[in-house]
Structure formats: C-alpha cells, structure tokens
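Participant: Next come the chains, spelled out residue by residue.
Protein chains: 2
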Amino acid sequence: MSNTITSQNKAAVIGTGVIGNGWITRLLAYGYEVTAFDPAEGAEARTKEQIDLAWKSMEQAGLDSRADKNKLTFADSIEKAVEGAVLVQENVPERTDLKQKVLEEIDRCAPEKAMIGSSTSGIIPSVLQENLARPERFFVSHPFNPVYLLPLVELVGGEKTDREVLKKAEKFFRSIGMKPLIIEKEVEGHVADRLMEALWREALHLVNDGVATTREIDDAITYGAGLRWAQLGPFMTFHLAGGDAGMRHMLDQFGPALKLPWTKLEAPDLTEDLKEKVITGCENQAGSLSVAEIASKRNEFLVKLKDLVEEYRV
Amino acid sequence: MSNTITSQNKAAVIGTGVIGNGWITRLLAYGYEVTAFDPAEGAEARTKEQIDLAWKSMEQAGLDSRADKNKLTFADSIEKAVEGAVLVQENVPERTDLKQKVLEEIDRCAPEKAMIGSSTSGIIPSVLQENLARPERFFVSHPFNPVYLLPLVELVGGEKTDREVLKKAEKFFRSIGMKPLIIEKEVEGHVADRLMEALWREALHLVNDGVATTREIDDAITYGAGLRWAQLGPFMTFHLAGGDAGMRHMLDQFGPALKLPWTKLEAPDLTEDLKEKVITGCENQAGSLSVAEIASKRNEFLVKLKDLVEEYRV
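So the protein lines, in turn, are chains A and B. Sequential numbering from 1 applies to the first sequence in this note's numbering. Sequential numbering from 1 applies to the second sequence in this note's numbering.
Don't read these hints as lab results, they were simulated from the structure. Bear in mind that the values here come from a model prediction, so they are computed numbers and not experimental data. Heads up, some of the hints might be wrong.
Heads up, the list lumps identical chains together, so a pair's fine if it works in one copy or across two of them.
As the list claims (entries may be wrong) - Here are the simulated DMTMM-like cross-link-like pairs (lysine to aspartate or glutamate), alpha carbons at most 25 Å apart as the crow flies:
#, residue 1, residue 2
1, K179, D209
2, K160, D209
3, K56, E136
4, K56, E83
5, K167, D209
6, K185, D209
7, K185, E159
8, K304, E59
9, K185, E136
10, K101, D252
11, K48, D64
12, K304, E112
13, K113, E136
14, K56, E311
15, K179, E130
16, K69, D252
Given the sequences, and given the hints that come with them, work out the whole structure.
Facilitator: Next comes the structure, spelled out in structure tokens:
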C-alpha cells in the first residue's frame with residue numbers, strides 16, 4: 001500500500017458504528033491520523049476492539065509504511081474532531097434530519113479546504129447539502145461493509161457540489177486503495193444498493209412464500225452467481241451466456257423472459273413471522289460461530305480473493 | 001476428483017448449446033462416457049471446440065482417473081443417444097412445446113432405470129412431465145454457466161416425480177462435483193434465477209434511466225457485493241452488517257427501507273435503444289477480448305476461487 005498524501009494526513013470520522021469504524025481502520029492502514037467523534041457511551045472502546053479484529057487482515061493486505069493503529073484520537077466534540085482534517089466522513093444513523101443537523105455542524109467547523117463526505121446508503125446529496133453554508137465541498141461517499149477491505153465507494157455530488165471537489169475526492173479515495181464510482185445522477189439508494197435491494201426483496205419473498213430457506217438462498221448465490229460476480233458483474237456474466245455473439249444473442253434469446261412473472265414486483269410485508277424466519281435462518285447457518293468469528297473468516301477470504309480478482313478482472 | 005460410478009458410467013446429453021456442452025465437459029471430466037445428440041449442422045465440431053477450451057481448467061481442477069475427453073460420441077437420433085444411459089440431460093431451447101416433444105421422445109427410448117433431467121431455467125417440472133409415460137423418473141436439474149465449473153444445480157421434482165428418484169439424482173450430481181439444491185416448491189425460474197432476474201431487471205432500469213452504464217453496474221457489483229457473495233450469500237452478508245446482534249439488529253435498522261421507492265417494480269420495455277445501450281456497453285467492456293478469451297480468464301479465476309470458497313465458506 002502507498003498513498004499520495006504529502007502534508008495533509010489527517011482525517012475525521014463522525015459516527016463510529018460498523019461503517020465509521022471501517023473508515024477509521026482503512027484510513028489508519030493507509031497512514032492517516034484519524035480523529036473520531038461519537039457521543040455514545042463506550043464508543044472508543046468498541047472502535048478499538050473493531051480495529052484490533054480487522055488489523056490482521058490489513059497487515060496481510062499490506063500496510064502503508066506510516067500506518068499505525070494508535071494514530072487514533074477520540075474528540076469530545078465535532079468541532080475538535082474536524083480540526084485540520086483533509087476529509088470529514090459522516091456516518092451517523094440513516095435519518096435525514098439527523099444527518100442534516102450533524103452535517104451543518106461539520107460544515108460550520110471544518111477547515112475551509114476540507115472535503116465533507118456522507119456514508120449515506122440512501123439519501124441523495126442535494127437533500128443533505130440544502131442548508132450548508134459551503135455545500136460545494138460536500139458529496140456522498142458511500143462505502144460497503146467491510147469498508148477496510150471492500151474497494152467500492154460510490155461518489156455522488158448534489159446540485160451544489162463543485163465538480164472539481166468530486167475529482168479531488170476521487171483521487172483521494174483512490175489513494176486509500178478504493179475504486180471510486182462517480183454516479184452522475186442522484187437517485188435514492190445510488191446504484192449498488194438498488195441492485196442489492198432488488199435481489200434482497202426477491203430473497204425475502206422466496207422465504208416468505210416457503211420456496212426456500214435463507215441457507216438455500218445463500219447457497220443458490222454462493223455456489224452459482226456469487227462465484228461469477230466476484231470477477232464479472234451481471235452484464236459481463238450474461239455476455240458470456242449467449243455463446244460467441246455475447247450479449248447480442250443473449251438479449252434476443254432471453255429478452256422475452258423479462259416479461260414472464262418470474263419475480264415478485266413489490267416488497268413483502270416484514271411481518272413478525274417473516275422476520276423470525278429470516279433471523280433464525282441466519283442464526284442456524286452461523287451455528288456456533290459468532291458474528292466476529294465469521295467476519296474474521298470473511299476477512300481472510302477477502303484478502304486472498306481480492307488478489308485473485310485483481311489478477312483476473314476484465 | 002472421484003465419483004461413485006460402478007457399472008453404469010454412461011450419460012446422454014440432448015441439445016449441445018452452451019449448457020449442453022457444459023454438461024458434456026463436466027461428465028467427461030468425472031470419467032463418464034457421453035453420447036450426445038443435436039440436429040444442428042456442425043454441432044459436433046462446436047462441442048469439441050468448447051471442450052478443448054474448457055479442458056485446461058478441468059485439468060487444473062483435477063480430473064477423475066477415468067476422464068478422457070475422447071469418450072464422446074455423437075449419435076444421429078435421440079433413440080441411439082440415450083442407449084444405456086444412467087442420466088439423460090435435456091438442453092434444448094427454452095420453449096415449452098419443444099421441450100415437451102423432446103422429453104416425450106427421450107421417455108419413450110431411455111432405459112427403464114434412467115434418470116431424465118431438464119436444464120430448463122424457467123419452466124416448472126409438472127408442466128414438462130405432463131405427457132410422459134413414466135414421469136416419475138423426470139425432474140428439473142438446472143445448472144449454471146459454466147456448467148463444468150460452477151457447482152450449483154437446482155433439483156426440482158414435479159407432482160409426479162418419485163422422491164426416491166430425486167434422492168438418487170442428488171447423489172448422482174454430488175458424485176460429479178456439484179452442490180445440488182433440492183427445491184421443494186415449483187415456481188417459474190426456480191430460486192437462483194429469480195434472484196438474478198430481480199437484480200438484472202433493476203440493472204436494466206438503471207441503464208435505461210441513464211443512472212449508470214453497464215460497466216459502472218458491473219463495477220458496482222464486482223468491487224462490492226460480488227466479493228462478498230462469492231463466500232457468503234445475501235442473508236449471511238446482512239447478518240454481518242448489523243454488528244454483533246447480526247440479522248436481528250439489521251432488520252430492525254434497515255427493515256423500514258424496504259418500503260422506500262428504491263427499486264423499480266416492473267421490468268422495463270426492452271426497446272431497441274435499451275438493447276443497444278446494453279450490447280454496446282458490454283462490447284466496450286470486452287474491448288479486444290473475444291468471448292472465448294474472457295471465458296478462459298474466467299475459468300482460471302474460478303478454479304482458484306472455488307478452492308478459496310471451499311476453505312472459507314460458512
């Protein structure tokens with residue numbers, strides 16, 4: 001790992017849940033100093049525990065020469081946290097009013113040249129930047145769990161975002177090992193989560209209708225499409241399904257099936273019964289393994305898989 | 001690789017497109033003798049070319065001691081092809097009337113104890129077995145491209161299918177290196193394709209609405225969820241997204257988002273314009289690489305990835 005930071009090597013992370021902690025871990029691994037803020041009791045201890053859990057994977061993936069997991073400070077206010085930061089990344093719960101309020105405070109206190117990113121998975125940036133004094137340096141930078149290993153980050157500017165800031169952000173995220181995807185059109189859920197959400201709704205329907213259990217659905221993905229999607233996305237996968245003529249033949253052959261009633265068209269009601277099926281299904285699959293233990297296996301796996309994908313990506 | 005074939009080690013493959021050829025390759029690699037039938041001109045030459053392309057991957061994955069890619073014969077009729085076969089696998093184009101007609105002929109000619117499987121991706125088995133004289137030995141055995149490397153096979157019985165035959169089929173497919181998923185309820189598209197279809201419809205909408213290109217959507221999957229789905233399916237992935245409380249916390253936190261208007265609810269019209277966007281998008285992504293060249297990269301990748309998944313699967 002290496003990055004292109006010169007003088008400015010401090011970032012601020014506001015909100016330290018799973019996503020905030022993921023950002024902190026990635027930033028530390030790439031040699032940044034990080035100041036975090038989270039008003040919840042015990043936040044600092046939980047963050048350090050999460051970093052410890054993830055750090056082995058970061059070492060396996062290769063640390064920046066300046067990386068030091070102790071370069072983390074918890075501040076007792078947003079104002080102190082954002083001091084001197086080149087990037088302030090917001091990760092508070094997914095409520096528009098709360099995010100707006102926190103972003104206004106970040107905007108008031110952050111250094112003039114700081115970039116301000118929000119990890120929101122669903123809210124469009126034009127809404128979040130409505131009341132900012134300097135909205136031009138604000139954007140959505142939506143990462144994916146685990147943030148310290150998965151390279152994807154969706155970058156979305158709002159109506160008032162300066163396109164030069166987006167370019168600077170793209171360069172920044174690339175410098176910390178990410179694959180930024182600049183999305184030109186604001187839609188709720190951006191791109192990746194809309195795709196996942198579509199599959200997720202269908203999965204819930206199949207469970208709800210008693211067609212398959214959560215384990216069977218996970219197997220149906222893992223032993224099939226999942227193996228392909230790690231290397232090729234859905235379009236290139238279908239490009240290979242149509243023989244030598246690729247997608248052109250595939251659309252002629254399977255296009256009509258789009259109109260068949262194959263998938264349920266509305267999201268199912270999340271009844272108590274459906275919730276229990278989904279929850280106990282997952283708990284059965286996990287067996288005696290805790291979430292942390294599965295995550296640790298996943299991390300080892302992803303380190304190796306990422307190298308493979310890098311070698312074979314088309 | 002090893003399997004449990006004793007005396008019966010012959011299989012028949014009817015219809016030799018991409019899927020039929022995939023079955024032939026897998027069966028040959030596991031030491032079977034295969035007789036194929038396809039009325040199209042040049043079918044045999046195309047099949048041999050496809051096997052040659054795939055064989056290197058099969059060698060890397062490890063061949064059965066009896067494996068010989070020359071143990072393939074093309075017959076000039078269904079009657080001759082099915083002679084002595086333990087399994088007859090049907091892979092003709094996805095039209096109900098055509099499949100019914102071909103299956104009736106297979107049923108008339110196949111040995112009494114032969115299992116008869118259909119590769120249909122969408123049609124339910126009760127419809128396909130309607131007019132068979134011995135429907136009890138018929139089932140859907142739906143594989144995924146590339147059939148010789150992807151382990152998933154969906155097994156679905158119809159109303160008249162003998163459950164003992166399904167168990168025998170499960171054992172058979174396991175013996176040729178597959179992960180059979182027995183689906184108890186007949187629904188069009190079975191399970192895996194319904195999931196993929198949901199994501200695919202949403203992907204087409206995003207392209208249609210100008211939100212993202214095919215490359216961007218492929219990147220959004222490959223650098224994000226795809227890396228996770230190769231190891232963990234959608235449910236276990238979300239089990240890790242909710243912190244230590246797993247899916248229980250996740251559904252409380254993100255359940256309400258299901259009702260947000262995040263995904264398009266109907267399939268878009270496959271207009272000429274949308275088709276062109278999708279096709280040229282894929283062709284641009286492929287660049288100078290032919291479908292065969294990408295497939296060969298994919299194969300090398302999958303051989304390595306499958307070992308990784310085996311090691312880390314939860």
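Participant: Decide, hint by hint, whether the structure agrees.
Facilitator: Going down the list of hints, with the structure as the test:
no., hint, verdict
1, K179 x D209, "between (38 Å within a copy, 23 Å between copies)"
2, K160 x D209, "between (45 Å within a copy, 22 Å between copies)"
3, K56 x E136, "neither (38 Å within a copy, 54 Å between copies)"
4, K56 x E83, "neither (29 Å within a copy, 57 Å between copies)"
5, K167 x D209, "between (46 Å within a copy, 24 Å between copies)"
6, K185 x D209, "between (35 Å within a copy, 9 Å between copies)"
7, K185 x E159, "within (10 Å within a copy, 49 Å between copies)"
8, K304 x E59, "both (13 Å within a copy, 22 Å between copies)"
9, K185 x E136, "within (16 Å within a copy, 54 Å between copies)"
10, K101 x D252, "between (51 Å within a copy, 23 Å between copies)"
11, K48 x D64, "within (19 Å within a copy, 50 Å between copies)"
12, K304 x E112, "neither (40 Å within a copy, 48 Å between copies)"
13, K113 x E136, "within (11 Å within a copy, 72 Å between copies)"
14, K56 x E311, "both (23 Å within a copy, 18 Å between copies)"
15, K179 x E130, "neither (28 Å within a copy, 52 Å between copies)"
16, K69 x D252, "neither (54 Å within a copy, 32 Å between copies)"
Checked against the numbered hints listed earlier, the structure breaks hints 3, 4, 12, 15, 16; every other hint is satisfied.
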